[in-house]
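Student: Residue-level listing of the chains:
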Amino acid sequence: MARSTLHPGSKTTCLLSVFFFFGFLSALPTPSLHGQEKPYFVTYSHDLEEPGNLEIESKTALGQPPGSHRYGALASELEYGVTGWWTSELYLDGQATGQESTLFTGFRLENRFRPLMREHWINPVFYVEFESITGADKNMLEVVGHDGQGDLAEPNADTRQEHEHEAELKLILSSNLKAWNISENFIAEKNLGHEPWEFGYALGAARPLRTLSSGKPCTFCLEKFTAGAEMYGGLGDVASLTLGDTSHYVAPIVGWQLPKGRLSFSTGFGLNGNSLDRVYRIGWASELPQIGTWFRHNGGTR
Amino acid sequence: MIPRNFGLLCLAIASTLLFCAAASFRWDRVPAKEHARTNPLASRPESVPAGALIYKEHCEQCHKTDAMGDGNKKPALRTDRIKSATDGDLEWFLRQGDLSHGMPSWSSLPQAQRWQLVAYLRSIQQ
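Same order as they appear, the protein sequences are chains S and P.
Read in order, the letters of the first sequence correspond to residues 1 to 302 in the numbering used here.
Read in order, the letters of the second sequence correspond to residues 1001 to 1126 in the numbering used here.
Same shape as in the complex, but just chain P:
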């Protein structure tokens, strides 16, 4: 006999899987042209320290010094999701932000500084 709550259980599992799938594929929202971009400043030795300074000025207050977030609404930045993103994905996301979830748009930072920040984010993934 099928338990009465079996349908509800299936629905909950399906919703969870869908949510996880949506979260892990968030970079699919990035336009293909942006996704394919590479960091033009990646080879410059000053990019990582410059990105670290920008991180300290703009990002650290939410994502914390170790980039592990606050364990609540401010997410960690040393994750598989960041590792799996291309440079173009990260620069695009910094420019767009996620206003409905509290992440501001950093379009007012010059693009060169966003690339420096991307270089820093890459450097802390090890």
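Pulled out of the complex, with its shape left as it was, chain S reads as follows:
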């Protein structure tokens, strides 16, 4: 069985990969920021990536289950706008737990589709994801079934042995009303290894602090900040649909648009005994505009 721990021998390879990855990125067009997307960490709105753009995003989650060690989990995301109604994403997940180990915990491939080509009061988006992750994944990009803090407290040595192949479906409903975005996500996740369907939800609301643009390039002006909150949790599984025996969080969020990217912060507060007391999240997103055109112009294709 494949082990995903980063042994010292593989660290050089890993560092070289990171070096080349960032070297490659530095050769690409200047990153920019496009303020369409909301600073949610778990909830999805109906904003899709602009066609031809590639967004590079990292989401870090920090927490400490009671009686266990602190951990930091990192999800690195590449998001590409295939068309105006289809966005595709690749996630690479990892985590480091104090006094235990640093692990690569797997990958996720997801696609989001807008079935309706017009803007409506409520805009549906279909979300389809395949995950290949280990039980050690602590990113909490969604909470489903009976997920709880106990799952996060188990030692990496045990959880890294659990390899999960999962399919996840989401129905994303989202509205933009008077500068507010209000989004609701209904989540159904199936472990392909004969586990039952599990369910979860995520709700989000966010608004820019100022709706008029000042007309001057600025970093600290109010229109560069978005504030809101999200709430997410599990709903049990097919055998027992419940709000109990699972975890729920409410998390104020702040997004800050910088000239080269978007910085997001959130502190999630656990709402019941199965939840972590706090989950701190930090996100960074930067966008490479019209990457396909850049490759055509610089790659020699005609």
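Just so you know, the hints here were simulated from the structure itself, not pulled from any lab data.
You may find that some hints are simply not true.
Claimed, not checked - 20 Å max Cα-Cα, derived PhoX-like pairs, lysine-lysine: (1) P:K1033 with P:K1056; (2) S:K260 with P:K1056; (3) S:K216 with S:K260; (4) P:K1083 with P:K1064; (5) P:K1033 with S:K178; (6) P:K1064 with S:K260; (7) P:K1074 with P:K1064; (8) P:K1074 with P:K1056; (9) S:K216 with P:K1056.
These figures come from a predicted structure and were not determined experimentally.
Keeping the supplied structure of chain S fixed, place chain P upon it in accordance with the hints.
Tutor: Using the frame of chain S, we list chain P on its own:
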């Protein structure tokens, strides 16, 4: 004697005319209420520079700095079609986008910023 391909030629000409007619009347899709709207920020002096900044942040990557597009799929914005549109048409189109042709919906921009963008688009038509 009528040439054998005369029918095909007529069909091609009719299709082209229909296509041109559909393209030039694209604003007919805008609901009457939206079509009649005027830009509430048009008289504010800061609207054009603010719209220019929004254009630079969100639109320039496709429609280019001079708003003349890329000559291919990304259309020019200094055209008779834009000139003939009302403020309401433009704001509606920005909000809706044209997802099937690659134009994203900008409904996530606050409406006030869409109006500022409309003011800028108007200013570059001269």
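Student: Evaluate each hint against the coordinates.
Tutor: Hint by hint, here is what the structure shows:
1. For a cut-off of 20 Å, the pair hint linking K1033 of chain P to K1056 of chain P is broken: about 29 Å separates their Cα positions.
2. Between K260 of chain S and K1056 of chain P the CA atoms are separated by roughly 14 Å; this keeps the pair inside 20 Å, and the hint holds.
3. Between K216 of chain S and K260 of chain S the CA atoms are separated by roughly 16 Å; this keeps the pair inside 20 Å, and the hint holds.
4. Distance restraint check for K1083 of chain P and K1064 of chain P: the Cα-Cα separation of roughly 18 Å lies within the 20 Å cut-off, and the hinted pair is therefore satisfied.
5. About 18 Å separates the Cα atoms of K1033 of chain P and K178 of chain S, which keeps this hinted pair within 20 Å; it holds.
6. This hinted pair checks out: K1064 of chain P and K260 of chain S have alpha carbons roughly 19 Å apart, not beyond 20 Å.
7. Simply put, K1074 of chain P and K1064 of chain P have alpha-carbon atoms about 9 Å apart, close enough for the 20 Å limit, and the pair holds.
8. Restraint check for K1074 of chain P and K1056 of chain P: the C-alpha separation of about 15 Å stays at or below 20 Å, so the hint holds.
9. Restraint check: the Cα-Cα separation between K216 of chain S and K1056 of chain P comes to about 12 Å, which is no more than 20 Å; the hinted pair holds.
This entry does not satisfy hint 1, going by the numbered hints stated previously; all others are met.
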